[in-house]
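**Q** So you can see what is in the structure, the chains are spelled out below.
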Amino acid sequence: MSTILTNVSKSYDSDKTVLNDVTAEIQTGEFFVIVGPSGCGKSTLLRMIAGLTSISEGEIHIDGQLVNDLPPKDRNLTMVFQSYALFPFLSVWDNVAFGLKARKSTSQSEIEERVNEALKMVNLEELKDRKPRELSGGQRQRVALARAVASDAKICLMDEPLSNLDAQLRIKMRQEIYALQRKLGLTLIYVTHDQVEAMTMADHIMVLHDSQVQQIGTPTEIYKHPANEFVASFFGVPPINLLPATKINDQTIKVNDDFEMSINQQVPESEFQVGIRPNELMLEKVDELTANATVKSVEFLGDEKIVYAKMAHNDLEIAAIVASDAEFKAYDTILVSATEKVLLFNHEGVNITQMEAVVNA
Amino acid sequence: MLKTSTTDVVPEKNVQAKQRHGFRLTAKDKYFASIFLGPSILILGLFVFYPMFKTLYISMFLTNTLGKTTVYVGFQNYAKLITSPDFISSMWVTFIYVLAVTVLTIALGLLLANLSSQKLPGISIFRTLYSVTMGVSVAVAAIFWLFIFNPSTGFFALLSNWLNLPVVNWLTSPTNAMWAVIITTVWMHLGFTFLILLGAIESVPSTLYEAADVEGASPRYQFFHITIPMISPTLFFVSTITIIDAFKSFGLIDLITKGGPTNATNMLVYRIYKDAFYSGNYAKSSAEAIILTVIIAFFTLLQFKFLEKKVNY
Amino acid sequence: MTQIDERAALKKFLNYLLLIVLAIIILAPFFIGIWTSFLPTMDIAKGNLFSTNISFDNYVAAFTKTPILRYLLNTLVISTITMIAQLIFCSMSAYAFVFLKFKYRKTIFTLFLITMMLPFEAEIIPNFATVKQMGLLDNYAVLIVPFLTSAFGTFMLRQSFMQTPIELKEASDIEGLNHFQFYWNIVLPYNKISMITLGAYSFLGSWNQYLWPMLTTFSNNSRMIQNGLKQLQSEETFNDWGMIQASAAIIVIPTIIVLFIGQHYFKSGMNEGAVK
Chain V
1 MSTILTNVSK SYDSDKTVLN DVTAEIQTGE FFVIVGPSGC GKSTLLRMIA
51 GLTSISEGEI HIDGQLVNDL PPKDRNLTMV FQSYALFPFL SVWDNVAFGL
101 KARKSTSQSE IEERVNEALK MVNLEELKDR KPRELSGGQR QRVALARAVA
151 SDAKICLMDE PLSNLDAQLR IKMRQEIYAL QRKLGLTLIY VTHDQVEAMT
201 MADHIMVLHD SQVQQIGTPT EIYKHPANEF VASFFGVPPI NLLPATKIND
251 QTIKVNDDFE MSINQQVPES EFQVGIRPNE LMLEKVDELT ANATVKSVEF
301 LGDEKIVYAK MAHNDLEIAA IVASDAEFKA YDTILVSATE KVLLFNHEGV
351 NITQMEAVVN A
Chain G
1 MLKTSTTDVV PEKNVQAKQR HGFRLTAKDK YFASIFLGPS ILILGLFVFY
51 PMFKTLYISM FLTNTLGKTT VYVGFQNYAK LITSPDFISS MWVTFIYVLA
101 VTVLTIALGL LLANLSSQKL PGISIFRTLY SVTMGVSVAV AAIFWLFIFN
151 PSTGFFALLS NWLNLPVVNW LTSPTNAMWA VIITTVWMHL GFTFLILLGA
201 IESVPSTLYE AADVEGASPR YQFFHITIPM ISPTLFFVST ITIIDAFKSF
251 GLIDLITKGG PTNATNMLVY RIYKDAFYSG NYAKSSAEAI ILTVIIAFFT
301 LLQFKFLEKK VNY
Chain X
1 MTQIDERAAL KKFLNYLLLI VLAIIILAPF FIGIWTSFLP TMDIAKGNLF
51 STNISFDNYV AAFTKTPILR YLLNTLVIST ITMIAQLIFC SMSAYAFVFL
101 KFKYRKTIFT LFLITMMLPF EAEIIPNFAT VKQMGLLDNY AVLIVPFLTS
151 AFGTFMLRQS FMQTPIELKE ASDIEGLNHF QFYWNIVLPY NKISMITLGA
201 YSFLGSWNQY LWPMLTTFSN NSRMIQNGLK QLQSEETFND WGMIQASAAI
251 IVIPTIIVLF IGQHYFKSGM NEGAVK
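Chains as they are written, first to last, in UniProt numbering: chain V, 1 to 361; chain G, 1 to 313; chain X, 1 to 276.
Next comes chain V alone, as it looks inside the complex (with noise of 0.2 Å):
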């Protein structure tokens, strides 16, 4: 049951290129993260998989066949709405059954023992009986994943199923949804543009923008290895800091014109960016005289703290995380220096780090 993109593109008016020659391959029953900035076409992507948009050139398999042309029922799939799309006039139990009922393929003891067992997997039992506008968010967002698991398809596709929800309540369904789909063993193909939805559910995650593929990659992979500038600084918060260097000899580099650091790889260009994640870089309170930075500002977060630093050239502002018990404030003057643990890109924002020296470090 795998799900196959084969140089899929969706473009309005032939001008107008939403998706641009989207290659990829889902898993059985993996969880499959789309996520992007708005407007980059994930959802888009997850309505042509679903049949709701039609595609304009290339293919998509689902299970070996060739479903471009199908329509959306014969696809043996179910989807979980941004809005839920819940009928206000049907209750809670009604609207689980709303598909087994429309299909008429099955027994009406059969659709009573799914609906009830979905509703027991999210925990609804008891609100069967409710109309959706009795319901709280999270509530809503149960019912319409319990219409999910009623459904025999085995492929589930969610289009931003959590971002109608406040922030504590997005946690704890973010949960739920990851449980219930080890549980059932479903595949699941997940858009969203939070990247910590995308880092703490994903089999595999899918970077989009601009049209186009970025990446793909289990979470690790994207995050150590950022195939360019984007995927970087799209993932991590603070994100991460890209300033511009060039090389001094092979194993020094200078940033910024800020600082100097040694380097254990070899670096194939002169003038590059590096990107240093937030906690790879150090902070040092010094005299006005050695200092390479200016402290903006300090957010105190608990366990840590962000300093937000101006560095004395090129009006370039950085992120750091220090410990909670370092003591900076604003207007300090400080020196800043970085582990050995950054990115390198060139002027496309390629990354051009070498692997085994990242992995090693």
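Hints are computed from structural coordinates only; laboratory data are not their basis. These figures come from a predicted structure and were not determined experimentally. Even for Gly, the Cβ is constructed at its ideal location relative to N, Cα and C. Treat each hint with caution, since some may be false.
Simulated crosslink set (DSBU-like; lysine-lysine; CA at most 35 Å straight-line) [unchecked claim]:
(1) G:Lys119 - V:Lys16
(2) G:Lys258 - X:Lys65
(3) X:Lys132 - G:Lys80
(4) V:Lys247 - V:Lys341
(5) V:Lys154 - X:Lys12
(6) G:Lys119 - V:Lys104
(7) G:Lys54 - X:Lys103
(8) V:Lys73 - V:Lys128
(9) V:Lys131 - G:Lys54
(10) X:Lys192 - V:Lys104
(11) V:Lys154 - V:Lys73
(12) G:Lys274 - V:Lys131
(13) G:Lys28 - X:Lys106
(14) V:Lys16 - X:Lys12
(15) G:Lys30 - X:Lys192
(16) X:Lys103 - G:Lys28
(17) X:Lys169 - G:Lys30
(18) V:Lys104 - V:Lys120
(19) X:Lys11 - V:Lys16
(20) X:Lys169 - G:Lys305
(21) X:Lys101 - G:Lys305
(22) X:Lys65 - G:Lys274
(23) V:Lys310 - V:Lys296
(24) X:Lys230 - G:Lys258
(25) V:Lys131 - V:Lys120
(26) G:Lys30 - X:Lys103
(27) V:Lys172 - V:Lys341
(28) G:Lys54 - X:Lys101
Simulated restraints, written as ranges between beta carbons of each label pair [said to hold, decoys possible]:
(29) G:Ser279 - X:Leu14: 54 to 60 Å
(30) X:Phe260 - V:Glu348: 54 to 60 Å
(31) X:Gln163 - G:Phe277: 43 to 49 Å
(32) X:Lys11 - G:Ser160: 30 to 36 Å
(33) X:Lys11 - G:Val167: 35 to 41 Å
(34) V:Asn116 - X:Leu14: 40 to 46 Å
(35) V:Gly185 - X:Ile20: 50 to 56 Å
Go by the hints and put chains G and X onto chain V.
**A** Structure of chains G and X alone, referenced to chain V:
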């Protein structure tokens, strides 16, 4: 047809909101209130409230041909009415007419609205064409259809001749005359009903249909299990409007059949008019008017009650 | 796959076929009416609907031999005045119900609601007596005065005015605007859409009047168009179908054109007024 009838009701929504604007009671407000409300109260009092009581009053008397009340008879006028076969047949005719007009208008309006809610190239042309009868006034509709129904030169007669079918006497047979009035009324109301229902269908969130598509519901199933329940408040609203308008029908009847043949289309309002202004029987006419008022008030109240809830789910 | 394509194409074809057939049925009375308005009555009487003697003669006859222009003028004046009056008086009473606080506000509002349940058709006897006593018969005034205001219009505008943000009222209070200024400068412009909707309702309502003008007007000087058409059709020109159809066409064509232009607006306006 757009009508400023007093019964086209908008739901009374959030009564609390009125309290939002509850300002301090001042002498100034009282002064402004009398200026702002005065004209309306005067007109409504003179031309709606006073005549209603007056009609009720007349209906309990006997009247002379000048309309002056003579002898108080209590509810005898009503008693006479409900035992008169003539009046009962009139009520019967009215009910059949209202029922047929409502069912046909809603069914056809729904068919048109559903068809033209599809996303097809050029669909907006059809939408415009279907709403055309909104621009037709009562006399124009009557003239267009009278020509079609005309037994000697009319379009239906010609059509029957071409097809070698017997010519139907649309306006001289009681049953057919009723159909003629019903067809014309439905045709006139169709544009308005269509537009209102189309608006309702279009406001159903598209994700509901997408979810149903994915779940495997056929278009037919979607129509009956999503569209109809979702637009049921609007369906109810247009139904009551159509019922109320049909009960008040006068123009088309006067123009097409004049209540005939043999009273086959002599509906309530036409009766009220004829009893008063033809026969000079003002008491009888007033009693009939009160019966009409009760019927209209009932359906208007139904609409109010229902719209207060606003939705049915 | 080709099978699916073929089925989809067939479905599309049947869809359009149905749409077209329905459009033809609905528009047939127009086509027949407007087509025959260009034919000589002699040909119509003989059943010769495919006659080629097309001309504007019927229109010329309608304009010169009948008072149809007078009827149109009467109706235009009466409908316009009724519309303006209803816009003024309905908005004023709606304003009072929303922005003014006074004794018996609730009671008076309930009375307005009750008014909406009382059909004008049931009150013609006393109303006829009233206007007769006032000496208004066969006069523009008799067709305007009873309809200077409307409970429905008041109710509709009240619903709309209640949506006016309270901050606007508070800001005007701080600026020192009195009720007239607030009503005229803020409330009316803010509720423009509802005002236009009510204007369309009341204009068309007056345009379509039939029973009341029939009872209260007897001469061409004040007769409205609907009753005028009946006059043409039933008396003077019996069986002159060509001219009758031309008169009907003269009345309906401008309305249809306006409707075509304003269709989008009408639709949204009506839905707002009706169901929201």
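**Q** Any hints from earlier that this structure breaks? Give me their numbers in increasing order, please.
**A** Numbers 9, 10 and 12, in rising order.
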